[in-house]
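Colleague: Using the sequences and the hints, build the whole thing.
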Amino acid sequence: MKSVFVVIVCVAAWASGQAQTSPPGTSPVEGATSRTQVDGDTASTLVLSKTPVVYPAAARSAGIQGKVELRVFVSKMGDVVEVSVVSGDPALAQAAVESVKQWKYKPYEVNASAVEMETSVSVNFQLKAPAPPTPPPL
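Going by my numbering, the final residue of the sequence shown carries number 138, and the count climbs one at a time with no gaps.
Just so you know, these hints were derived from the structure itself, not from any lab.
Heads up, the beta-carbon is just placed ideally off N, CA and C, and yes, glycines get one too.
Among the hints, erroneous ones may be present.
Cβ-Cβ distance ranges computed for the label pairs, FRET-style [unchecked claim]:
{"#": "1", "residue 1": "K128", "residue 2": "P90", "range": "20 to 26 Å"}
{"#": "2", "residue 1": "K50", "residue 2": "A91", "range": "19 to 25 Å"}
{"#": "3", "residue 1": "A57", "residue 2": "E82", "range": "41 to 47 Å"}
{"#": "4", "residue 1": "A114", "residue 2": "P135", "range": "45 to 51 Å"}
{"#": "5", "residue 1": "L127", "residue 2": "D79", "range": "43 to 49 Å"}
{"#": "6", "residue 1": "K50", "residue 2": "S84", "range": "31 to 37 Å"}
{"#": "7", "residue 1": "L138", "residue 2": "Q94", "range": "16 to 22 Å"}
Modeller: Here it is in structure tokens:
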């Protein structure tokens, strides 16, 4: 029986070199009036609760592993309102989306006011190799 190991890491997936008029680790999102783009490292410190990712049985049986990159939109209240897949194996993507949709964030504040947040999340699916058999005693 194979063991399953899933790692969730928030990553910054935004272009660098933008002029910063927002707090460090953030930048305004083009076309949005109140949504602030927050780098993955900063956003990861705001996660209050995570729902464990369930490794899809078909992907596990097929030996499929890999990283799923997600774009996540969070409301002023800290609720995940939208998750979209940026990249990753389709056999893993839906499980990552379903988990992250249930996360809860601490509201992100700019100038003491809660704002909508856009960030990225990376979910790593990795199968652990079975432990080698223990040799018989001599």
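Colleague: Sort out which numbered hints this structure fails and list those numbers smallest first.
Modeller: Structure breaks hints 3, 4, 5, 6, 7.
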